[in-house]
Amino acid sequence: GAGVSQSPRYKVAKRGQDVALRCDPISGHVSLFWYQQALGQGPEFLTYFQNEAQLDKSGLPSDRFFAERPEGSVSTLKIQRTQQEDSAVYLCASSLGEGQGSPGNTIYFGEGSWLTVV
Amino acid sequence: DAKTTQPTSMDCAEGRAANLPCNHSTISGNEYVYWYRQIHSQGPQYIIHGLKNNETNEMASLIITEDRKSSTLILPHATLRDTAVYYCIVRVTRHGGATNKLIFGTGTLLAVQP
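Quick note, the sequences are listed as chains A and B, same order.
At position 99 of the first sequence the residue is numbered 99 (the working numbering), and the sequence of numbers has no breaks.
Just remember that the working numbering sits 1000 ahead of the position in the second sequence, which is counted from 1.
Hints are computed from structural coordinates only; laboratory data are not their basis.
Positions of the beta carbon are idealized from the N, C-alpha and C atoms, including for glycine.
Covered by chain B, according to a simulated footprint, are these stretches of chain A (three or more residues, beta-carbon under 8 angstroms):
id: 1; stretch: 37-43
id: 2; stretch: 48-60
id: 3; stretch: 107-116
Construct all of the structure, not just a fragment, from the sequences and the given hints.
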């Protein structure tokens, strides 16, 4: 389809393992976001890209978390040395551009990557 | 960052209007109010957004108070498929795009009853 695509949909990792989560935003969308959603909680902001530039990474919980978007389209969220507290749904979202209020600026979310660390 | 408060849960009879309240008393003048909903195991689905004026689309209406400290999402004819967690969100941006994020709260679980 034409929506935000994330893979893998489900990932089980052993504690200490590195994981990489991929996001394919909607074609032509300039802005890309990563959110983390723990069970029973609302999504929490992790990081924001405008094209290939990571403009805000204030929500990344530790230096084990790293996100990149080298060509301004596909993005990867990498978690090193996973811990049990990293178990969550990782949501990717994209929007057409920056600015506020225009219909083209709606933020569209993917279905998420469910990470379980055992 | 501005935060929102919502009731934890609400019930609504099928076919009736669902009115979901939200308080955002610390919202800044240029921050928009967004509403999303999330059905279990799916990503958040955009519903509507607004700044000052009331807004309506094919899904819902958004009523924002004149002082912008609160808003109400209205689903005019709720169906069983509208059962979901509804998030009232303030969108925070900074000049030049230094940040651009949705601040989610814990949301309201709307249960539409047959």
